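Number of protein chains: 2
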Amino acid sequence: MSENNLQVLLRRRPAGEPVAEDFEVVETPVPVPGAGEVLIRARFLSLDPYMRGRMSDAKSYAKPVELGGVMEGLSVGEVVASNHPDFAPGDTVMGGSGWQRFCVVEAAKLRKVDCNEAPLSANLGVLGMPGLTAWVGLEDIGEPKPGETVVISAASGAVGQVAGQIAKARGARVIGIAGGAKKCAFVVRELGFDACLDHRGDLNAQLDAACPEGIDVYWENVGGHVQEAVFPRLRDFGRMVMCGMIAQYNQAPGADAAGAPPGPNLGPVVRKRLRIQGFIVSDKGWQRYPQFRAVMLGLMKSGQLVWKEDVVQGLRKAPEAFIGLLKGQNFGKLVIAID
Amino acid sequence: MSENNLQVLLRRRPAGEPVAEDFEVVETPVPVPGAGEVLIRARFLSLDPYMRGRMSDAKSYAKPVELGGVMEGLSVGEVVASNHPDFAPGDTVMGGSGWQRFCVVEAAKLRKVDCNEAPLSANLGVLGMPGLTAWVGLEDIGEPKPGETVVISAASGAVGQVAGQIAKARGARVIGIAGGAKKCAFVVRELGFDACLDHRGDLNAQLDAACPEGIDVYWENVGGHVQEAVFPRLRDFGRMVMCGMIAQYNQAPGADAAGAPPGPNLGPVVRKRLRIQGFIVSDKGWQRYPQFRAVMLGLMKSGQLVWKEDVVQGLRKAPEAFIGLLKGQNFGKLVIAID
Chain Z
1 MSENNLQVLL RRRPAGEPVA EDFEVVETPV PVPGAGEVLI RARFLSLDPY MRGRMSDAKS
61 YAKPVELGGV MEGLSVGEVV ASNHPDFAPG DTVMGGSGWQ RFCVVEAAKL RKVDCNEAPL
121 SANLGVLGMP GLTAWVGLED IGEPKPGETV VISAASGAVG QVAGQIAKAR GARVIGIAGG
181 AKKCAFVVRE LGFDACLDHR GDLNAQLDAA CPEGIDVYWE NVGGHVQEAV FPRLRDFGRM
241 VMCGMIAQYN QAPGADAAGA PPGPNLGPVV RKRLRIQGFI VSDKGWQRYP QFRAVMLGLM
301 KSGQLVWKED VVQGLRKAPE AFIGLLKGQN FGKLVIAID
Chain E
1001 MSENNLQVLL RRRPAGEPVA EDFEVVETPV PVPGAGEVLI RARFLSLDPY MRGRMSDAKS
1061 YAKPVELGGV MEGLSVGEVV ASNHPDFAPG DTVMGGSGWQ RFCVVEAAKL RKVDCNEAPL
1121 SANLGVLGMP GLTAWVGLED IGEPKPGETV VISAASGAVG QVAGQIAKAR GARVIGIAGG
1181 AKKCAFVVRE LGFDACLDHR GDLNAQLDAA CPEGIDVYWE NVGGHVQEAV FPRLRDFGRM
1241 VMCGMIAQYN QAPGADAAGA PPGPNLGPVV RKRLRIQGFI VSDKGWQRYP QFRAVMLGLM
1301 KSGQLVWKED VVQGLRKAPE AFIGLLKGQN FGKLVIAID
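Here the protein sequences line up with chains Z and E, keeping their order.
Numbering-wise (this note's numbering), the first sequence opens with residue 1 and increments by one.
Numbering-wise (this note's numbering), the second sequence opens with residue 1001 and increments by one.
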């Protein structure tokens, strides 16, 4: 194998918005799998907002990437060499690790995927971590019921697009929130949401019009002024699925600690019997992956699940694409096609 | 029956803190029970913070008391006359209604109580709505586990004292928060909490000392600066049982609407997978009353449940006592002994 590995490293911890200089792209030798390990050539890398947390050393639910370490991420690709009987060269697998072309992974962390069921890259989105996130959050917290009003922020994004379509399939009325007319049109026309509101406009007025009876379930991806507009409109027994608050990921270290912008007064939580609950899909979500995948494939077959990817060519473009993701510049699930 | 009824009416809606002039005490004829109804002479009336909400016409989970109407409340007493075969004069019952000496209640809303099991007034506290509130909130939301750290605000109050003792019985480490040295001493010495912090002192420093590893369950009765100190100390998978926020009950109408003081930034809800959930015991709690009562009587027998009442003599004193309750001037479960 004459090819080199290509890796994106964390050069320094960002202050606020990450910049290109926070990353470093290096060529290194292709790693060699040890006992029970598999060498994978990644074809697609998933870029997701949670990675911003890994760049920071503020206390969080997962360890930060070390300075000089490979950026954390999930990829799909092909087995090149295997020291485990379950995998053979040429198998397509999900579970690749890191922003890099080649990686070595324990066999136990890999899953073979059938590319007849869906394109390979879909295993990073609708059939991957973001899709699983959407499904787990609705199963465990949102629990949308027929006729309920569900509001999904970042509706055209990787998680939002799946969450909204699952809620629609369950009979809920689904209102998206997205940035700009193009994304909003996509959310309604392609994803089939009942409406989509542009958070760059007057969100309060748009919510009044779209949700005159209030909101039963709010899928929180963004925080900030969107949360501020949605929270007072929650109905009795409303649920807030706290998936992320991307609007503050670039704020000072530990934006949730001292100096964080305030949140809503919690009085209505008592009076309206609200439930505000956070979750992280990596806690126990993957144990339920087979059930999730079966549900998703069923929805695909019945035409109730479509998806949009924003594919950027080349691993060297990953830092720039990721910086744009945090600003909402992607349109659909952001993946890197690895050259 | 030559005796008159004595009633406390809502004369006007309070602006901020209720004052004596918001109430009116009147003598009226004793009511006559209709078909299926029972006439009760109340012996004890329960005074509880939720009644502040009923004095206001701001939107809430229950209808407000009408101007000129009898203040809402629960009482225990004796059957005087009955038009239902299940009840006979002399029976002791819970389910009396309103701030009044005599009331007429549908038989279906009454429950006979055995005064050999506990004193009559206990059916308004540890065996009544506040006790049921404590039990339901811990069963459904708090779910304290052995070794976990549970913090109870308003720890010497009607709900707090029961919630803390249930959590202790389940093996949790229980830290109370109360106002003043006397209440704090009671919470530790009589109720058996592991510690009790005085919210009039430096609560942050006291919490650091008492909960160095953080807090797993927070029982929210008060809001305000207590919530502000506790929230950042919640551990991963922490639960906030949102029972009440008495600190803002006297604020401008709809203190949870425009003009409400801000609450915590919700970023940590995602990162720490917190669950913040409100509940109202009257939703479905009473359906579980028999199970609750059996649990409480069991804890009493094993010496794991004690309680303190603050008994005020005379229905005419109810307005003054209630005004004091909202300022934390009561010490233990506030009940009126009806003359």
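Think of the hints as simulated: they come from the structure by calculation, not from any bench.
Be careful, since some hints might not be right.
[Unchecked claim] Straight-line distance between alpha carbons at most 30 angstroms, and here's what the computed DSS-like set of lysine-lysine pairs gives:
| id | chain 1 | residue 1 | chain 2 | residue 2 |
| --- | --- | --- | --- | --- |
| 1 | Z | Lys182 | Z | Lys301 |
| 2 | E | Lys1145 | Z | Lys59 |
| 3 | Z | Lys145 | Z | Lys59 |
| 4 | E | Lys1327 | E | Lys1063 |
| 5 | Z | Lys63 | Z | Lys317 |
| 6 | Z | Lys145 | E | Lys1168 |
| 7 | Z | Lys63 | E | Lys1145 |
| 8 | E | Lys1059 | Z | Lys145 |
| 9 | Z | Lys284 | E | Lys1063 |
| 10 | Z | Lys145 | Z | Lys317 |
| 11 | Z | Lys284 | Z | Lys182 |
| 12 | Z | Lys308 | Z | Lys168 |
| 13 | Z | Lys308 | Z | Lys182 |
| 14 | Z | Lys317 | Z | Lys109 |
| 15 | E | Lys1317 | E | Lys1168 |
| 16 | E | Lys1284 | Z | Lys145 |
| 17 | E | Lys1112 | E | Lys1301 |
| 18 | E | Lys1301 | E | Lys1059 |
[As the list claims (entries may be wrong)] Short, incomplete list of chain Z residues facing chain E, as computed with Cβ under 8 angstroms:
| id | residue |
| --- | --- |
| 19 | Leu266 |
| 20 | Lys272 |
| 21 | Arg273 |
| 22 | Gly278 |
| 23 | Asp283 |
| 24 | Gln287 |
| 25 | Gln291 |
[Said to hold, decoys possible] Counterexamples of contact, computed for chain Z against chain E with all Cβ distances above 12 angstroms:
| id | residue |
| --- | --- |
| 26 | Gly34 |
| 27 | Val80 |
| 28 | Ala247 |
Keep in mind the model is a prediction, meaning the values are calculated, not measured.
All C-beta atoms in this analysis are idealised placements derived from N, C-alpha and C, irrespective of residue type, glycine included.
Outcome of the hint check:
no.	hint	verdict
1	Lys182/Z with Lys301/Z	27 angstroms, holds
2	Lys1145/E with Lys59/Z	25 angstroms, holds
3	Lys145/Z with Lys59/Z	36 angstroms, violated
4	Lys1327/E with Lys1063/E	24 angstroms, holds
5	Lys63/Z with Lys317/Z	25 angstroms, holds
6	Lys145/Z with Lys1168/E	37 angstroms, violated
7	Lys63/Z with Lys1145/E	27 angstroms, holds
8	Lys1059/E with Lys145/Z	25 angstroms, holds
9	Lys284/Z with Lys1063/E	42 angstroms, violated
10	Lys145/Z with Lys317/Z	41 angstroms, violated
11	Lys284/Z with Lys182/Z	35 angstroms, violated
12	Lys308/Z with Lys168/Z	17 angstroms, holds
13	Lys308/Z with Lys182/Z	13 angstroms, holds
14	Lys317/Z with Lys109/Z	27 angstroms, holds
15	Lys1317/E with Lys1168/E	35 angstroms, violated
16	Lys1284/E with Lys145/Z	20 angstroms, holds
17	Lys1112/E with Lys1301/E	21 angstroms, holds
18	Lys1301/E with Lys1059/E	42 angstroms, violated
19	Leu266	5 angstroms, holds
20	Lys272	7 angstroms, holds
21	Arg273	5 angstroms, holds
22	Gly278	4 angstroms, holds
23	Asp283	7 angstroms, holds
24	Gln287	16 angstroms, violated
25	Gln291	21 angstroms, violated
26	Gly34	32 angstroms, holds
27	Val80	36 angstroms, holds
28	Ala247	10 angstroms, violated
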